[in-house]
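*Asks:* Here are the chains, one letter per residue:
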Amino acid sequence: MSFDTGLLALDLLGVFFFAVSGSLLAARKRFDVVGSVLLACLVSLGGGVVRDVILGVHLPSAFGQPIYLVPPILAAALVYIFFNSVQRVTSLLTLFDAGGLALFCISGTLKAISLGANPVAAILLGVTTAVGGGVLRDITANEVPALFDAREIYALPAFCGAALTALVWHLGWFNLVTGLTIAALVFAFRVTAWRRHWYVPLAVHGWHRQLD
Amino acid sequence: MSFDTGLLALDLLGVFFFAVSGSLLAARKRFDVVGSVLLACLVSLGGGVVRDVILGVHLPSAFGQPIYLVPPILAAALVYIFFNSVQRVTSLLTLFDAGGLALFCISGTLKAISLGANPVAAILLGVTTAVGGGVLRDITANEVPALFDAREIYALPAFCGAALTALVWHLGWFNLVTGLTIAALVFAFRVTAWRRHWYVPLAVHGWHRQLD
Amino acid sequence: MSFDTGLLALDLLGVFFFAVSGSLLAARKRFDVVGSVLLACLVSLGGGVVRDVILGVHLPSAFGQPIYLVPPILAAALVYIFFNSVQRVTSLLTLFDAGGLALFCISGTLKAISLGANPVAAILLGVTTAVGGGVLRDITANEVPALFDAREIYALPAFCGAALTALVWHLGWFNLVTGLTIAALVFAFRVTAWRRHWYVPLAVHGWHRQLD
Numbered sequence: 001m002s003f004d005t006g007l008l009a010l011d012l013l014g015v016f017f018f019a020v021s022g023s024l025l026a027a028r029k030r031f032d033v034v035g036s037v038l039l040a041c042l043v044s045l046g047g048g049v050v051r052d053v054i055l056g057v058h059l060p061s062a063f064g065q066p067i068y069l070v071p072p073i074l075a076a077a078l079v080y081i082f083f084n085s086v087q088r089v090t091s092l093l094t095l096f097d098a099g100g101l102a103l104f105c106i107s108g109t110l111k112a113i114s115l116g117a118n119p120v121a122a123i124l125l126g127v128t129t130a131v132g133g134g135v136l137r138d139i140t141a142n143e144v145p146a147l148f149d150a151r152e153i154y155a156l157p158a159f160c161g162a163a164l165t166a167l168v169w170h171l172g173w174f175n176l177v178t179g180l181t182i183a184a185l186v187f188a189f190r191v192t193a194w195r196r197h198w199y200v201p202l203a204v205h206g207w208h209r210q211l212d
Numbered sequence: 001m002s003f004d005t006g007l008l009a010l011d012l013l014g015v016f017f018f019a020v021s022g023s024l025l026a027a028r029k030r031f032d033v034v035g036s037v038l039l040a041c042l043v044s045l046g047g048g049v050v051r052d053v054i055l056g057v058h059l060p061s062a063f064g065q066p067i068y069l070v071p072p073i074l075a076a077a078l079v080y081i082f083f084n085s086v087q088r089v090t091s092l093l094t095l096f097d098a099g100g101l102a103l104f105c106i107s108g109t110l111k112a113i114s115l116g117a118n119p120v121a122a123i124l125l126g127v128t129t130a131v132g133g134g135v136l137r138d139i140t141a142n143e144v145p146a147l148f149d150a151r152e153i154y155a156l157p158a159f160c161g162a163a164l165t166a167l168v169w170h171l172g173w174f175n176l177v178t179g180l181t182i183a184a185l186v187f188a189f190r191v192t193a194w195r196r197h198w199y200v201p202l203a204v205h206g207w208h209r210q211l212d
Numbered sequence: 001m002s003f004d005t006g007l008l009a010l011d012l013l014g015v016f017f018f019a020v021s022g023s024l025l026a027a028r029k030r031f032d033v034v035g036s037v038l039l040a041c042l043v044s045l046g047g048g049v050v051r052d053v054i055l056g057v058h059l060p061s062a063f064g065q066p067i068y069l070v071p072p073i074l075a076a077a078l079v080y081i082f083f084n085s086v087q088r089v090t091s092l093l094t095l096f097d098a099g100g101l102a103l104f105c106i107s108g109t110l111k112a113i114s115l116g117a118n119p120v121a122a123i124l125l126g127v128t129t130a131v132g133g134g135v136l137r138d139i140t141a142n143e144v145p146a147l148f149d150a151r152e153i154y155a156l157p158a159f160c161g162a163a164l165t166a167l168v169w170h171l172g173w174f175n176l177v178t179g180l181t182i183a184a185l186v187f188a189f190r191v192t193a194w195r196r197h198w199y200v201p202l203a204v205h206g207w208h209r210q211l212d
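Line by line, the protein sequences are chains A, B and C.
Residue 1 is where the first sequence starts when you use full-length UniProt numbering, and the numbers rise one by one after that.
Residue 1 is where the second sequence starts when you use full-length UniProt numbering, and the numbers rise one by one after that.
Residue 1 is where the third sequence starts when you use full-length UniProt numbering, and the numbers rise one by one after that.
Treat the hints as calculated values from the structure; they're not laboratory data.
Don't take each hint at face value.
Unchecked claim - With a straight-line cut-off of 30 Å between C-alpha atoms, the simulated BS3-like cross-links for lysine-lysine are: (1) Lys29(C) with Lys29(B); (2) Lys29(C) with Lys29(A); (3) Lys29(A) with Lys29(B).
Using the sequences provided together with the hints, build the complete structure.
*Replies:* Spelled out as C-alpha cells, the structure:
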C-alpha cells in the first residue's frame, strides 16, 4: 500500500467516525435527515477543508474528491436506520468523536508535512484538523465546544498525537504499525480522561472548579 | 450581455436579497445601524468569500470588486428608512432569504464551473455559496441556523437548483431564460415548503416530531 | 528598523493584547488552562489567519512563523499567575481588546497594501483582521459579539483606523510616529465610547433603545 493510499484510508476512516458523531448530535437535537447529512458533512469534512485552505490546496479534498462524500452519507443512513435509543447518544457520540480525533491528528499532520510545512506548522495543522470539525459541529448546534469545556480533556490528546506523529516521521519510523499505535494511544488518552473525569487546572492559579 | 456580465448581475441581485435579510434580522435583534451594515455584509458576501477561498480566487470578489459593497449598504439604508413594523419581519426575512438562496445556488455553481471545478464539486460549491451566508448570519445572531431547523426545508431547494444548473450547463442549454426558470423553481420550492409546512423525516427512523 | 520588522513588531504587540483578552474571557468562563491557551490563540491569531487566507498567503504567519505562538502562551501564563480578582475582568478585557483592535486595523491594512491590494480592499481587510479574532472569540464562548452589541461602538474605530492608515500610506506619510498616533486615536475612540456610553442610532429610523 503506497503512502498516499494509506493516508487516504486513514483520513476516510476519520471522516466516517466524525460523521457518525455529527449524525448522532443531529438525532439528539431532533434535526431532520437533511440536517443529519449536513451536520455529518460539516463535522467530518470541515476540519480538513480548513487545513487545506490554510495550506493553499485548491480544491480541498472534500470538494475535489467525491469519495469524501461517501462516509457522511453512510453515517447519516446508519444513524437513521439503526439508532433508536436516546440514552446512549452521549457515550456513542464521545467514542466516535474520539476515534475521529485520533485519526485526524495523524492524517492532518502527515498531509501538512507532505506539503512541505515545517514541524511546528505541521503539528498546529494536525491539531486544527482534529479539533476543527468538532468545534464547527458544536458552534452550529449551539453547544459549548467540548474543546473549551473544562470538564473535558480534548485538545491535549490531539496535540500529543500530532507531536508524536511529527517526531516519529522525522525519525523515519512512521509506518502502519507506528501510525495505528499513535492512534490507539490518542484514543485511549481521550476516552480514559473522559471516563475517569481527569481534569486540567483552571485558567487562573488557585481557582477551583465548582461542583457541577 | 456577455456571460461574465450576466453572472455578475445575477450575483449582485442575490447579494442584495441576502443583504436585506441581514438588515431585517439586525432590526429584529435591535442592533444599531453599523451592526445592520455589518450583518448585511456578512450574510450577503460571506458565502461568496468562502466559495472563492475554497476555489483559490484571490482576492475574493467581495474584497476585490468594490461594487459588491453597494447592495449591503443600500439594503441597510432601505431597512433604516422604510421599515417600521416588526410584525412583518419574519415573513419578509424569509422571502428575501429565499430570493438570495435561489440566485446564489445558480451563480455559485456557474462560478465554480467557469473556474474548472468538476460537476460534483461545482454543485457542492453552489450549495455552500447559497447556504453559507445564512448560516454565518444565524450563528452570529445566536439563532438556530434555518439550515438545521427541522421545521424548515432549506438546503434541499439549494441542492436542486445547483444540480439543475450543472445539468443544464452541461447540456449546453444554460441561458437567461433557463437560468431565471431555475431561480423561480428554487424560490417557489423554498417558499411553498415554508408556507405549507412541508417536512422532511427526522434524523432517526420512527422518530416523530413533537408538537411545536 | 525596516518596514517588515516594524510591521512584525506592531502585529506581535496586537497579538499579545488580543491574547490577553482571550485568556481573560477564558478565566471568566472558568475554562481550564488548555482552553485559556486555545482561546488566546483563536482570538489573537484568528483575524490574521482569515486575512492571510483571503489574500492567498500560504502559510499564514500564525502557522508559518512559530514566533506568533509566543504572545498567546505568554498571555495565558500571565493570566494564570497574576489574575485573581474577577471584578476587574470586564474592564481589563475591554482595554486589552481595544489595544489589539487599534494595532490590528493598522497592521492588517498595511499587510494588504504590501501585497498589492487596492485601497478599498486594504481597508476592508484591515477591519476584518481587527474585528475577526474578537468575533471568533465571542461566538466560541457563546457571547453576543461586541461587534453587534448596540451598546458598544466597536467596528467604527477599526474602520476609521484602517481608512486613516490607507490615506496616510498613500500620502507617503506613514512612519512610526504617524502609525502610533493612529493607534492612539483608535484606542481613545473605542475606550471613550465605552466609558461615556456613546451610541450609534438603531438599525431602524425612529426606533429607540430600551432601557437596559
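*Asks:* Does each hint hold? Answer for all of them.
*Replies:* Consistency of the hints with the structure:
With a C-alpha separation of about 24 Å, the suggested pair Lys29(C) and Lys29(B) falls inside the 30 Å cut-off, and the hint holds. Distance hint between Lys29(C) and Lys29(A) is fulfilled; the C-alpha atoms sit about 24 Å from each other, no more than 30 Å. The suggested pairing of Lys29(A) with Lys29(B) holds, with an alpha-carbon distance near 24 Å, which does not exceed 30 Å.
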